[in-house]
Amino acid sequence: MRGILAVALNTFREAIRDRVLYLILAVALVVVAGSRFVAMLTVGSEVKIVKDLGLAAVSIFGLLIAVFVGVSLVSKEIERRTVYTLLAQPVARWQFIAGKYAGLLMVLGANVLVVGGAVLAAVALLGEGAAALVPAIALIFVELAVVAAFAVLFSSFTNPILAAVGTVAVYVAGHLSWSFDLLRKRIAPGAGRVLCDVLHAVLPNLDRLDVKAEAVHGVAIPSGTLAAAAAYGAFYALAVLVLACVVFERREFA
Amino acid sequence: MIRRVAAGLLFAAAVTGAAYARARLAALEAPQAGSKELLYLPNGKYLKAASLGQAPVAADLVYLWAIQYYSDYARQDRFRYIEHVFGNVIPELDPRFIDPYWLGALILTTEAQDLDGGLRLLDLGAEKNPKEWVLPFLAGWECDHAKEYDRAAAYFDRAARIPDAPAALVRLVAGMRARGGNLREAIAKWNEVLHDPRGDDASRAIAERQVRTLTVRADLQELDAAVVSFRERRGTAPRRLDDLVHAGLLSRVPRDPDGQPYRYDPATGRVSSDASRVLGS
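Residue numbers (the numbering used here), protein chains in the order written: chain A, 828 to 1081; chain B, 157 to 437.
Take the hints with a grain of salt, since some may be wrong.
With the Cβ distance kept under 8 angstroms, some of the chain B side facing chain A (calculated, not the full set) [to be verified]:
| hint | residue |
| --- | --- |
| 1 | G209 |
| 2 | I223 |
| 3 | D250 |
| 4 | D255 |
| 5 | L259 |
These are computed hints drawn from the structure, not numbers from a lab.
C-beta: ideal position from N, C-alpha, C; glycine also.
Just chain A, with the same shape it has in the complex (with noise of 0.2 angstroms):
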């Protein structure tokens, strides 16, 4: 437990030594603060814009991080011969990727808590009730572990243009596992069939865990639905995170 605190620390604090993270926090706040003005331009529905917006940063951007600083991970690590110093320490390799990744979530908490604290304040700031979008707010962490999770199993065997490819790639068509339901129901039984079935079932299902419309709206989610959501996407990201574990400890550095 220990190697893997100090793995997470160590990529926590290399990552915000990034400019890039910064450069994107520092956008993400300004579509936060900037959507105020866009507001101005609707007619009614100020409020829902200035909510819709930010929510949107806090996903968007959140993505962004995960996958420009996870991509490059353990690649990064591998590149520049580092890792040889590492796995020299008393530390495992399944530590050294869960560090990785343990690392990659505190980044990625920190934007959440940052960006959505702003979009928290500019929703208070117009007198209209905020505790709503909590929830959304924290699925939307959720969203972003899964990602990391792809991230870092991809750099754990591929560089970093590859595995941005492959995780940009999961979130896509981790919004779209709807339609491989859709598709089965219109093709003949067999191996499409099979195939979108497999495809459905072990693509994550992302949009399980949006649930920013409802929070806008000031509809109710019930307690269980979000626990369900939240439970979905920790354990479907710790089933990742295993297999990125697995795939980098039968990795063979020459």
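Starting from the known structure of chain A, arrange chain B on it as the hints suggest.
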């Protein structure tokens, strides 16, 4: 030095060329200003799939763009795709987004003079948001403006039945029934207001006055109609109002809300009531 000057001149030439080309493009596009931008606006279902979890903000962006687009009165054919934008694209992206339904309906009814199109948008909004009384309420006002009082009453009635709707909506139903000439239905609605335990004293006073006034109006209408029928059958006006009962034209002669008989002038065949007493003054 020469290189720097050359680079500066080249840069200035490039900027000028780009600015000229842009202005030229704008000039070429201007006469086509119509629904060109809308040709490529896809179905809301596809846009939702493409939004990858950001459907609410996509709905906001389409809505903001639509406000700017429909605020440009110089556009030709500007109402052609309005139901597609406000009734398909935005509702598919965010069906709970209420404002586009009423704004689209307002543009259709007020500017395009298309009441049915506006009502279709408001009906769609009400279907997707059955707890929002404001959409059938607005549909009622649109019908009122178009002098379609029965449709207005039906919409207000639908709005009034939604939980948490203001109790005062029943007054609008009654008012529209009266305007539409359905006086007995209006009286029944005003009686609902009068006996509603949630109502305040002011509402009850209004309801009481309306019941009295409309009762007199309804009675006078029925008596006048009966007198006209009597005159058509017998060639002369009845001597007393009781003659209308004997002729089978009325089951009984009504009395005014104070229990007093209506005044009848056999010479002119006119039935009347004491208006000041009816108004309660």
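Tested hints:
1. Residue-level restraint check for B/G209 holds (minimum Cβ-Cβ distance to chain A is 5 angstroms; threshold 8 angstroms).
2. Satisfaction of the interface hint for B/I223 is found here, the shortest Cβ-Cβ separation to chain A being roughly 6 angstroms, below the 8 angstroms cut-off.
3. Look at B/D250: its Cβ gets to within about 6 angstroms of chain A, closer than 8 angstroms, so that hint holds up.
4. At about 4 angstroms, the closest approach between the beta carbon of B/D255 and any beta carbon in chain A falls short of 8 angstroms, and the interface hint on this residue holds.
5. Residue-level restraint check for B/L259 holds (minimum Cβ-Cβ distance to chain A is 6 angstroms; threshold 8 angstroms).
Going through the hint list in order, the structure satisfies each hint without exception.
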